[in-house]
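Undergrad: Here are the chains, one letter per residue:
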Amino acid sequence: MLEYANLWSPIRLTLELAGITTIILLLIGTPIAWWLSRSNSKWKDIIAVIVTLPLVLPPTVIGFYLLIALGPQGPGGWIASIFGGRSLAFTFEGLVIGSVIYSLPFVVQPIRNSFDAIGKRPLEVAATLGASPWNAFWTVAVPLARPGFLTGTILGFTHTIGEFGVVLMIGGNIMGETKVLSIAIYDYVETLYWTPAHILSAGMLLFSFVIIFSMMKIERYFRKTGK
Amino acid sequence: MSKEEIIKASFCGSIDNFSLDVKFSMPLEGITALFGPSGCGKTTILRCLAGLHNLPGYLSIGNEVWQNEKKFIKTHERSVGYIFQEESLFSHLSVRKNLDYGACRAKTHHLKETFHFDDVVEILSIKHLLDRSTVSLSGGERQRIAIGRAILAQPKFLLMDEPLSALDQKSKKGIFFCFKKLQEEFKLPILYVSHDIDEITKLADNMIALDNGKKIAEGSTADVLAQLNLNASLDARIISHDFDKKITWVELEGHTLSIPLQGNTIGTLLKINFQSY
Numbered sequence: 001m002l003e004y005a006n007l008w009s010p011i012r013l014t015l016e017l018a019g020i021t022t023i024i025l026l027l028i029g030t031p032i033a034w035w036l037s038r039s040n041s042k043w044k045d046i047i048a049v050i051v052t053l054p055l056v057l058p059p060t061v062i063g064f065y066l067l068i069a070l071g072p073q074g075p076g077g078w079i080a081s082i083f084g085g086r087s088l089a090f091t092f093e094g095l096v097i098g099s100v101i102y103s104l105p106f107v108v109q110p111i112r113n114s115f116d117a118i119g120k121r122p123l124e125v126a127a128t129l130g131a132s133p134w135n136a137f138w139t140v141a142v143p144l145a146r147p148g149f150l151t152g153t154i155l156g157f158t159h160t161i162g163e164f165g166v167v168l169m170i171g172g173n174i175m176g177e178t179k180v181l182s183i184a185i186y187d188y189v190e191t192l193y194w195t196p197a198h199i200l201s202a203g204m205l206l207f208s209f210v211i212i213f214s215m216m217k218i219e220r221y222f223r224k225t226g227k
Numbered sequence: 001m002s003k004e005e006i007i008k009a010s011f012c013g014s015i016d017n018f019s020l021d022v023k024f025s026m027p028l029e030g031i032t033a034l035f036g037p038s039g040c041g042k043t044t045i046l047r048c049l050a051g052l053h054n055l056p057g058y059l060s061i062g063n064e065v066w067q068n069e070k071k072f073i074k075t076h077e078r079s080v081g082y083i084f085q086e087e088s089l090f091s092h093l094s095v096r097k098n099l100d101y102g103a104c105r106a107k108t109h110h111l112k113e114t115f116h117f118d119d120v121v122e123i124l125s126i127k128h129l130l131d132r133s134t135v136s137l138s139g140g141e142r143q144r145i146a147i148g149r150a151i152l153a154q155p156k157f158l159l160m161d162e163p164l165s166a167l168d169q170k171s172k173k174g175i176f177f178c179f180k181k182l183q184e185e186f187k188l189p190i191l192y193v194s195h196d197i198d199e200i201t202k203l204a205d206n207m208i209a210l211d212n213g214k215k216i217a218e219g220s221t222a223d224v225l226a227q228l229n230l231n232a233s234l235d236a237r238i239i240s241h242d243f244d245k246k247i248t249w250v251e252l253e254g255h256t257l258s259i260p261l262q263g264n265t266i267g268t269l270l271k272i273n274f275q276s277y
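Protein chains in written order, with the numbering used here: chain S, 1 to 227; chain A, 1 to 277.
Don't take every hint at face value.
Below, computed lysine-lysine pairings styled on DSBU-like, alpha-carbon distance capped at 30 angstroms [what the hints assert, rightly or not]: (1) K224(S) to K180(A); (2) K180(A) to K127(A); (3) K120(S) to K70(A); (4) K215(A) to K120(S); (5) K42(S) to K74(A); (6) K23(A) to K42(S); (7) K271(A) to K120(S); (8) K120(S) to K71(A); (9) K97(A) to K217(S); (10) K181(A) to K42(S); (11) K120(S) to K74(A); (12) K120(S) to K156(A); (13) K214(A) to K120(S); (14) K181(A) to K127(A); (15) K120(S) to K23(A); (16) K74(A) to K173(A); (17) K74(A) to K44(S).
Derived contacts from chain S toward chain A, CB cut-off under 7 angstroms, selection only [what the hints assert, rightly or not]: (18) L123; (19) E124; (20) V125; (21) A127; (22) T128; (23) L129; (24) G130; (25) A131; (26) S132; (27) P143.
Between beta-carbon pairs, the in silico distance windows are [claimed, not checked]: (28) G13(A) to P58(S): 43 to 53 angstroms; (29) I15(A) to P72(S): 46 to 56 angstroms; (30) G119(S) to F18(A): 15 to 25 angstroms; (31) S41(S) to E69(A): 26 to 36 angstroms; (32) Y65(S) to K70(A): 42 to 52 angstroms; (33) G13(A) to F207(S): 56 to 66 angstroms; (34) S41(S) to F72(A): 17 to 27 angstroms; (35) L53(S) to S19(A): 34 to 44 angstroms; (36) I79(S) to G13(A): 24 to 34 angstroms.
Since the hints were made in silico from the structure, they are not lab data. Beta carbons are placed, not taken as given, at the ideal position from N, Cα and C, and that holds for glycine.
Starting from the given sequences, assemble the full structure and let the hints guide the process.
TA: Here it is, written out as structure tokens:
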């Protein structure tokens, strides 16, 4: 029964990883989305492509470059040395960095689309009513872009939970540190422990269904009430 | 009207291949119409006045300078209300919160609150809508709320960009009535953009006429209309001539009218101009 004892650890680790990643993504994704939506800079298209890249690149390619970047010779190793470590690869922190990059387009894209859909007008109206640009951003742009934030949050969270290739490349398989759900399931199947693999997989299936279903319900509710 | 109470503006520059070169002044009272065909720069001027565009130029309101070579006061720091052509209510806020959005950001530090919530709501007859969401409102209701919201931000004057263009006749009438009352109660100066000469004759005391980014006339509405030869003109059909009395009978919009004897044959169409004084 050894195989059941450690079922909880990957679940907790995965939720932690997805939670932290989503918060970081909202913090850095929102300004990026806003800039992409409003800027006239010539760099805009280049940045938009870079942000979208993780969407099409094979996870192994992202994982490979991240492994180099996070390793002892890369910037990740340098950062780790400040805190007395040798490398960010095969650490939880490394996983967070990888997940942020991997899930970036899933958060930035919906928020940017929402900002685009709002257009300039509501912010001009806010300005004529005495709201500073910063104030108007928080009181008008963010509330109006709520569907985009909702979609971005849920996609970022679930996409991080479903992450496999990148984690395998940079995280390895360390119990309690980098062994997330998808890796755990892979591990159980590899070693022919089908029952725990069934439990985790069915749990993921149910979880994903509930998330997407409630997202649709919430969106419909907002559209109906127009709030 | 004291001598300072006047808006002086001049803008010269171009935005998106449209070049504007105007200089005008308008009294800080009553309704002034900004008139001209589509694409003549009316909206661009309003946007410059509100600080939404930054074209080189000069702008002063009374004795406050809002824009010159050195200085450009940003939109949110100008005491000016702006009513946009299409609906502009915040869909995430209720009607009351829309009204409060302007009110709680009002620049009342230098002047006392001139326009009170209850009065504004009363005049615009939007009291029954206060706790509604903005989704189910009619076009006329939306525009009245937008006007109320702008007024509650305690502006020195209002800019209106064809606020009636998207409305049906009945809603137009309702808002016309509100404009008159706003003028009587609040004496709030309005710069009113329109390409509809009927609207202007009914509303405006003064007008500025534009064409292709340039001013072509300014002054009292009657003067400018006469100057531009822009009086209401109607088609009339000759019905008969009365050579004894030296008059011609014409039919005009279902009415019969006598005019001095014309040389044209019966059935000819004539253009008749009506001068407004």
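Undergrad: All hints, please: hold or fail.
TA: We went through each hint and held it up to the structure:
Restraint check for K224(S) and K180(A): the C-alpha separation of about 37 angstroms exceeds 30 angstroms, so the hint is violated. Only pairs whose Cα atoms come within 30 angstroms are accepted, and K180(A) paired with K127(A) is accepted, the gap being roughly 19 angstroms. For the hint pairing K120(S) with K70(A), the CA-to-CA distance comes to about 27 angstroms; that is within 30 angstroms, so the pair holds. Pair hint K215(A) plus K120(S) holds up; C-alpha atoms about 28 angstroms apart against a cutoff of 30 angstroms.
This hinted pair checks out: K42(S) and K74(A) have alpha carbons roughly 26 angstroms apart, not beyond 30 angstroms. Simply put, K23(A) and K42(S) have alpha-carbon atoms about 35 angstroms apart, too far for the 30 angstroms limit, and the pair is violated. With a CA separation close to 45 angstroms, the supplied pair K271(A) and K120(S) exceeds the 30 angstroms bound. Between K120(S) and K71(A), the direct Cα distance comes to roughly 24 angstroms. Compliance with the 30 angstroms bound is thereby established for this hinted pair.
The suggested pairing of K97(A) with K217(S) holds, with an alpha-carbon distance near 26 angstroms, which does not exceed 30 angstroms. Annotation: proposed proximity of K181(A) to K42(S) is violated, straight-line Cα distance about 50 angstroms (limit 30 angstroms). For the given pair, K120(S) sits about 16 angstroms from K74(A) by alpha-carbon distance, which is consistent with the 30 angstroms threshold. Our distance criterion of 30 angstroms between C-alpha atoms is met by K120(S) and K156(A), whose separation comes to about 24 angstroms.
Among the hinted pairs, K214(A) with K120(S) is consistent with the structure: their alpha-carbon atoms are about 27 angstroms apart, no more than 30 angstroms. With a C-alpha separation of about 16 angstroms, the suggested pairing of K181(A) with K127(A) holds against the 30 angstroms cut-off. The suggested pairing of K120(S) with K23(A) holds, with an alpha-carbon distance near 28 angstroms, which does not exceed 30 angstroms. This hinted pair does not check out: K74(A) and K173(A) have alpha carbons roughly 35 angstroms apart, beyond 30 angstroms.
Restraint check: the Cα-Cα separation between K74(A) and K44(S) comes to about 26 angstroms, which is no more than 30 angstroms; the hinted pair holds. Among the interface hints, the one on L123(S) is violated; its C-beta lies about 10 angstroms from the nearest C-beta in chain A, farther than the 7 angstroms criterion. Of the supplied interface hints, the one on E124(S) holds, with its beta-carbon coming within about 6 angstroms of a beta-carbon of chain A, less than 7 angstroms. Satisfaction of the interface hint for V125(S) is found here, the shortest Cβ-Cβ separation to chain A being roughly 5 angstroms, below the 7 angstroms cut-off.
Satisfaction of the interface hint for A127(S) is found here, the shortest Cβ-Cβ separation to chain A being roughly 4 angstroms, below the 7 angstroms cut-off. The interface hint given for T128(S) holds, since its Cβ lies 4 angstroms from the closest Cβ of chain A, which is under the 7 angstroms cut-off. Proximity of L129(S) to chain A holds as hinted, the smallest CB-CB distance being about 4 angstroms (cut-off 7 angstroms). Hint status for G130(S) relative to chain A: holds, with the closest Cβ pair at about 3 angstroms, below 7 angstroms.
Of the supplied interface hints, the one on A131(S) holds, with its beta-carbon coming within about 6 angstroms of a beta-carbon of chain A, less than 7 angstroms. With a cut of 7 angstroms, the hint placing S132(S) at the interface with chain A holds, because the nearest CB-to-CB distance is about 5 angstroms. Annotation: P143(S) was flagged as interfacial toward chain A, and the flag holds, the nearest CB pair being 4 angstroms apart, inside 7 angstroms. For the hinted restraint 43 to 53 angstroms between G13(A) and P58(S), the CB-CB distance of approximately 51 angstroms keeps it satisfied.
For I15(A) paired with P72(S), a C-beta distance near 55 angstroms keeps the hint of 46 to 56 angstroms intact. Roughly 20 angstroms separates the CB atoms of G119(S) and F18(A), a value that falls within the hinted 15 to 25 angstroms. Between S41(S) and E69(A) the CB atoms are about 27 angstroms apart, so this pair conforms to the stated range of 26 to 36 angstroms. Checking the proposed 42 to 52 angstroms range against Y65(S) and K70(A) shows it holds: the Cβ atoms sit about 51 angstroms from each other.
Taking 56 to 66 angstroms as the suggested C-beta distance range, the pair G13(A) and F207(S) conforms, at roughly 58 angstroms. Hint check: S41(S) to F72(A), Cβ distance near 22 angstroms, so the stated range 17 to 27 angstroms holds. For the pair L53(S) and S19(A), the supplied restraint of 34 to 44 angstroms holds, since their beta-carbon distance comes to about 42 angstroms. In this structure the supplied range 24 to 34 angstroms is violated for I79(S) paired with G13(A), their Cβ-Cβ distance being about 49 angstroms.
The earlier numbered hints that this structure contradicts are 1, 6, 7, 10, 16, 18 and 36.
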